[in-house]
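Novice: So the protein lines, in turn, are chains A and B. For the first sequence, the residue numbers in the working numbering are 208 to 406. For the second sequence, the residue numbers in the working numbering are 208 to 406.
Fair warning: there could be bad hints in the mix.
The list treats identical chains as one, so a pair stands whether inside a single copy or across any two.
Below, a list of computed lysine-lysine pairs in the DSS-like style, where the Cα atoms sit at most 30 angstroms apart [to be verified]:
id, residue 1, residue 2
1, 259, 223
2, 259, 229
3, 229, 330
4, 330, 373
5, 373, 223
6, 283, 230
7, 303, 330
8, 332, 229
9, 230, 373
10, 303, 229
11, 229, 265
12, 223, 368
13, 265, 230
14, 283, 330
15, 283, 259
These are computed hints drawn from the structure, not numbers from a lab.
Protein chains: 2
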Amino acid sequence: MQIAEPLQIAIDELSKLPTIGKKSAQRLALYLLNRDEEQVRRLADALVNLKKDLHFCKRCFNISEGDYCEICMNEKRDSSIICVVESVNDVISIEKTNEYNGLYHVLGGVLNPLAGINVEDLKIKELLRRLQTEEVNEIFLALNPDTEGETTALYLARLLKPIGVKITRIPTGLPVGGDLEFADEATVGRAILSRVTLE
Amino acid sequence: MQIAEPLQIAIDELSKLPTIGKKSAQRLALYLLNRDEEQVRRLADALVNLKKDLHFCKRCFNISEGDYCEICMNEKRDSSIICVVESVNDVISIEKTNEYNGLYHVLGGVLNPLAGINVEDLKIKELLRRLQTEEVNEIFLALNPDTEGETTALYLARLLKPIGVKITRIPTGLPVGGDLEFADEATVGRAILSRVTLE
Chain A
208 MQIAEPLQIA IDELSKLPTI GKKSAQRLAL YLLNRDEEQV RRLADALVNL KKDLHFCKRC
268 FNISEGDYCE ICMNEKRDSS IICVVESVND VISIEKTNEY NGLYHVLGGV LNPLAGINVE
328 DLKIKELLRR LQTEEVNEIF LALNPDTEGE TTALYLARLL KPIGVKITRI PTGLPVGGDL
388 EFADEATVGR AILSRVTLE
Chain B
208 MQIAEPLQIA IDELSKLPTI GKKSAQRLAL YLLNRDEEQV RRLADALVNL KKDLHFCKRC
268 FNISEGDYCE ICMNEKRDSS IICVVESVND VISIEKTNEY NGLYHVLGGV LNPLAGINVE
328 DLKIKELLRR LQTEEVNEIF LALNPDTEGE TTALYLARLL KPIGVKITRI PTGLPVGGDL
388 EFADEATVGR AILSRVTLE
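For reference, chain A alone in the conformation it holds in the complex (with noise of 0.2 angstroms):
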């Protein structure tokens, strides 16, 4: 049997999502198959529509419905602290957190020259510009602890010191409610390494 056409499409379509295969895809087009034609419709209009209404803010890079995203218009944040960060899921990590009250930068990646991914592939140049147009005092390096995070973030505290800005980053050490005896070993040889002091 040849699979029907419109459901190759769909299979192949849904093939191109990250984390999504062959047999997934088709599992899933056959469940839309399954459902009523308005749940079908109000799937692929949310998809049209992230397309359709949503932009990257002129400044920051986080995801905006216009110029500029919400955190940047947003007077009460605090605009001296800079926290820059992968992709827009860590903003909205972040964020979830209400620890937080500075603005962002998106790089839109991390260096990965295996992967192509090189300085001008990121958003660098624009991270620059902003520290010399607004007054900002900390730059909060929010990369994640994996080889290209930490290859980022070494890159670019090199290149900031020399502005003279503060460079913090994010620290590495047991999830809260971890156990010692379930860490992998890197991360309890960190903790260890970059011990802190009880005041």
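Assemble chain B onto chain A, guided by the hints.
Specialist: What follows is chain B alone, placed relative to chain A:
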């Protein structure tokens, strides 16, 4: 930060899909936001067309572009045997083997009283009607060898026995290329009980 509404809607709609949770939905939505409009439009169109152009075969409930599916319309197929499966997914799996040349009957699920799926929710009435109007010699129950699949197969076998049709089922055993050492106990146990004679 409130998540921008178009993004929140897309996340909500995506997370209604099976096996996709809130976090995956967010990652998929942000991925699409970074693709060009053309690709997102192709995906959305494919999903809408899936529902618009595909129906279920009026005879066997396989997917079909017209009233009857390709398999039911194919005169070269052996119409004296009906393979009963849970879902269209299973039809595709069996067709891929090129080993089966009969017709199908898609139940649209398996008996699962705990999940509220009872006899009247499956296409069992329709299967009985086919047995009255078509000349069928064999019903091949190709349901999954799990609790619900076995229960359904047992129910169907008892229901169909009085009709006098030959009833077969898919055998359980080790997968081709499998290894006794790594197979689970239930599979090995069942394989031992249903061992076959070498001829």
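Novice: Hints first: check each against the structure and report whether it holds.
Specialist: To see whether the hints hold, each was checked on the structure:
no. : hint        : verdict
1   : 259 <-> 223 : both (20 angstroms within a copy, 22 angstroms between copies)
2   : 259 <-> 229 : both (28 angstroms within a copy, 22 angstroms between copies)
3   : 229 <-> 330 : between (33 angstroms within a copy, 28 angstroms between copies)
4   : 330 <-> 373 : within (20 angstroms within a copy, 69 angstroms between copies)
5   : 373 <-> 223 : neither (41 angstroms within a copy, 44 angstroms between copies)
6   : 283 <-> 230 : between (48 angstroms within a copy, 29 angstroms between copies)
7   : 303 <-> 330 : within (24 angstroms within a copy, 47 angstroms between copies)
8   : 332 <-> 229 : neither (39 angstroms within a copy, 33 angstroms between copies)
9   : 230 <-> 373 : neither (49 angstroms within a copy, 33 angstroms between copies)
10  : 303 <-> 229 : between (33 angstroms within a copy, 14 angstroms between copies)
11  : 229 <-> 265 : between (37 angstroms within a copy, 28 angstroms between copies)
12  : 223 <-> 368 : neither (41 angstroms within a copy, 47 angstroms between copies)
13  : 265 <-> 230 : between (39 angstroms within a copy, 26 angstroms between copies)
14  : 283 <-> 330 : within (25 angstroms within a copy, 61 angstroms between copies)
15  : 283 <-> 259 : within (29 angstroms within a copy, 49 angstroms between copies)
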